[in-house]
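We have chain A already, so just place chains B, C and D on it with the hints.
Residue numbers (the working numbering), protein chains in the order written: chain A, 779 to 1048; chain B, 251 to 537; chain C, 157 to 491; chain D, 7 to 299.
Bear in mind the hints are in silico, worked out from the structure with no lab data behind them. Incorrect hints may have been included.
[Unchecked claim] Straight-line distance between alpha carbons at most 25 Å, and here's what the computed BS3-like set of lysine-lysine pairs gives:
id, chain 1, residue 1, chain 2, residue 2
1, C, K160, A, K800
2, A, K1031, D, K199
3, A, K856, A, K800
4, C, K382, D, K112
5, C, K382, D, K65
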Amino acid sequence: MTATPFFSVRNLHLSFADRAHKPLFGPAPRIEVLKGLDLDIGEGRITGIVGESGSGKSTLGRVLVRLLDPDSGNVMFKGQDIAGLDEEALRPLRRDLQMIFQDPMSSLNPRHKVWRIIAQPMKRYGLGGTREQATEALVRVGLPAEFGDRFPHQLSGGQRQRVGIARAIAVGPSFILADEIVSGLDVSSQAHVLMLLSKLAKEMGLTVAFISHDLSVIRHLCDDVIVLDHGVIVDNGPVEQVFDDPQSDVTRKLLAAIPLPEMDDTWFER
Amino acid sequence: MAEASTAPRARHGSGLNLRLWLPLSWVTLLVVVAVFARWIAPHDPLAQDLLLERLPPFFMSGSEPGYWLGTDSLGRDVLSRMIYGAQIALFVSVIAASATCVFGSVLGMLAGYYGGWAERIISRLVDIWMAFPPVLFAVLLVAVMGTGLTSVIAAIALIDWTRFARVVRAETLVQTRMDYVDSARIGGARRASTLWTEILPNVLPTIIALLMLEMGIAIIVEAILSFVNLSISTDDPTWGSMIAEGRNAIHFAWWVLLFPLIALFFSVLSFSVLGEGLRQRFDPVLQ
Amino acid sequence: MLLKTLITRLLTMIVTLFGVAVVVFTLVRVAPGNPIAMMLPPGASEEDIARLTALYGFDKSLVQQFFIWLGGVVQGDFGTSITLRQPVDQLVLSRLPATLELAAMALVIALLLGGTVAVLGARNRGTGTEVGLDLTSGAVLSIPDFLWGLIFVLIFGVLWPVLAISGRIDPRIEFDFATNFYLIEGLLRGRFDVVGSTLSHMVMPAMSLALPLAAMIAQLLKQNLKGELVQDYATIARVRGFSETTVILREALRNAALPTIALVGVQFTFLIGGTVIVERLFAYEGLGNMAIDAVINRDLPLIQGIVLLFAAIFIMINLIVDLSYTLLNPRLRHG
Amino acid sequence: MTRTVLDIMNLTVNLPNRTRILRDVSLSLEPGEVRALVGESGAGKSMIGKAVLGILPPKVRISEGEILLDNEHLGAMTPVTRRNTVARMSALIPQDPLTALNPLRKIGPQIVDPLRRIHGWSADKARARALELLDRVHIRAPERVMASYPHELSGGMRQRILIAAAFAPSPRLIVADEPTTALDVTVQKEILKLIRELQRETGTAVLFVTHDMGVVAKISQKVTVLFAGKVMEDAPTEQVFSGAAHPYTRALINATPSSADPSRSFTPVPAQLVADLHREIAQDDHLYMTVTS
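Next up, chain A with everything else stripped away, as it sits in the complex:
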């Protein structure tokens, strides 16, 4: 680890208001989603964040790119605490903190053409944002240039996710959050998208936080892994270490539950 880690999160707490149980007067009770997390993300590394539904993995991701405000704690990004910054102060930092979303159908504006979806953030960050630059980004993620004129619904799931990647890399960030980006895809396009992401991360020296529920994917793609369970980190370290010698029962149980694509008579008994 270097002296200042790329991301350094300390004692992170986050809760949501439980509107369904709001009393007649007074504030709604809070549901704690993140219960005091400490973690570091190393520069240039791909860090997997894994857990079952309700573990808080997506919430943690959205705090890193500051789409959510934490209740308390520090989020140090390259030595600067971004946990308490307001939108105005965040905007210049956002170029550095990009995100690829789970559902490209929802995250790509259905009324905008592909080239515009890619070019608009570039324009906003003062990086030009011309048609040519958008095309360049498209080609870089392996899509034909003429796809720039299409609307998102005219693409397949894998192609849409590539557009999401193109939009993120086009502004030249140092960090990308990938939130369950292959969970809606078929196995064949899944492999394509993952290989593309890992290739680009290497080429551009990106730091990536890769959120997934699929441990197999994480083992292949990531350098480090953080295992979350009900808002608490139960395992954290380089993938080989966590997979070969898990520290918690939760991780052990998760690993034992993966159905590997091979015959194994003892699987059900494990």
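Showing chains B, C and D alone in chain A's frame:
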């Protein structure tokens, strides 16, 4: 891929076109008639001739050539009054519906997007407004503001903004929860600009459909106000005042009611169908 | 949960009613024309005018007038009608039954008609029958109650005169009403001539009000039904050997009706709002007809009373819809 | 002679414009056997189960082929007989436990009513059977669960209830349509285990639709691999995973990442292979159109 995206369009085409072109031709007819009323109308719409009162339309015995659709109780030509009535109907519908649309949509988008106090105040106002029976509200407003076209238009906008506000708020709320709003933030967009550049294009088809619907409604409201003698001066040829007159003389001259009723019927129907048709036509996703 | 909904709703109701009171009071007071002058014969003396102005409280400031009026309203005193010289509450209550009977009749027609068409459409989904029903209900929906009223007047009043086009009951019928609920009283006391006459006066205005709502229910309920019929629980019921009609009526209908109810509530208030012009059109002696007369005659206390009553009815309907929605949905009932 | 539970012969399923969703599919299932139907989205794997159960989407029609359920020709039956036969012989475990239970009805009647309908049992008998099965799928306090509404139960609990409801009428065949896709891995394992236990105990045959080669390896004895509605391979599961597989099947296995063996990098399905398969199918389609028009 290409085949998959073009096939449904081709299949949709014919049905959509008919649904678009039929109402569009009626509206075009209205516009032409309204613009060229002075040259088209065979008679002065205000000219009374008691010798020619209650003439039946051309297909009945006792009709008079030149008075195709007959005359009313004061001997005024029904066709000419309808032609001039189209002028007023279109004027009211375009101006009133546009005003209502802008006013209501902006409030609805602000409430849906910003939430918080804006939402609470606007929703409370909508609640209060919706507690009024709209027709009574309109009658009351025109009574307060005095009769006349401006009052009618103002009354429509002051009452019907809630329709836009409600629907647009709900649609904006749906859109605000989509990931593309978050990705605009990631992409450096300011909060306000996200509303106009990202969300508005997605709410626009709904607004257009509502606008068309409102144009039909505005014509009806004007007719209702004329019907209770509160629109513009009773002599003026509006479809509503013709209907009021026709309702009174229904047992002697039913055609005075029939023809403006047909005009109203097709206008309202056309605007409503047109709204849905335009929504589909200009929605890249539905295409 | 239910209690919480109830209390929140009641609080909102009070705020809304107060808002309505402010708006209607402001509106009628800024109206041009001196209502007192209209009451008196031309050439009335200055003292007479001053006396009446003081009697109706028009000499005080607007804010004072508002709170005096509101104070009265809270105690059930809505003031005295200027033109009819009777207490507003009596006038309004005498007309209310007519409007309630009309609106209820329209609602029943709309629910039966709309529900049937929706189920038929869902049963025949994907066929020409569905397309036909869709087109019809789409067209019916876009024509408002006022036009339907005119169309009925023309068809059943003139071209094929089988129904009465004005009034509420044949004036030749001799019957000593104890209440103003003509239809209900006629039914209860077994006077079928009264029932018949009331119905023949009511059917056209009720249909005019019901048709747009019926079309809306038909479209919305069918859409919701189709949404439910592709859910896995409907598929499982089919695999279990239940017929499509059973699946629709027993499994899907309740689920589809729930979101429909919320909308029908709002639309029912629109329907009641529509009684104003439809009653006028058919010279039906209800509240709406009286309201328009009141506006034309500048009868301020009467206008205020009627508007407030309408608002109270609308808000009550919304409350009932909210509560029944909560009651019918186990998720909300227990949550 | 073994009685097959299900025999599908040359099944072709069409859209009205004669686009084929299933192309000449044949497969059979013996009692107590689990057959996986695997393929990517659009391969038609769910359609086979739907065709058997008679729940094809509107406008989708069986144009050719035979389906034999317990040696009875479904195609030769009247709609009502067919419906009753299917209800008696088979059951469905659906994908999404959230929508598979009617949210407005209590759990009890949702299991009990079909039992009474299918077997004509008394209310008490059907209820006893439902309680027995709920107990069998490890639901504690089955009485209380029967009196609950679906939203009061967790996703895993609901899926177990659906399994109990499927096995309750003692069907000969169960179609499991991606029953674990919506679940977390640990819950998925419990559910797979439960299906396997019950199926072995009762000798019920299972047609298991999935896109996950990992699940295929764990649950099935036979596997049918589909591509664009066409059977690519029909083989014992063991054989497929021992390496002697059709190139497309092998590509699917290689595209599935394995956490046990990170050295074996997972590779996308080769574009050339997909293009070749599509070309083959296009030629086949051309022939089909010429012959049938």
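Legend entry - Hints breached by this structure: As far as the earlier hints go, only 3 is violated by this structure.
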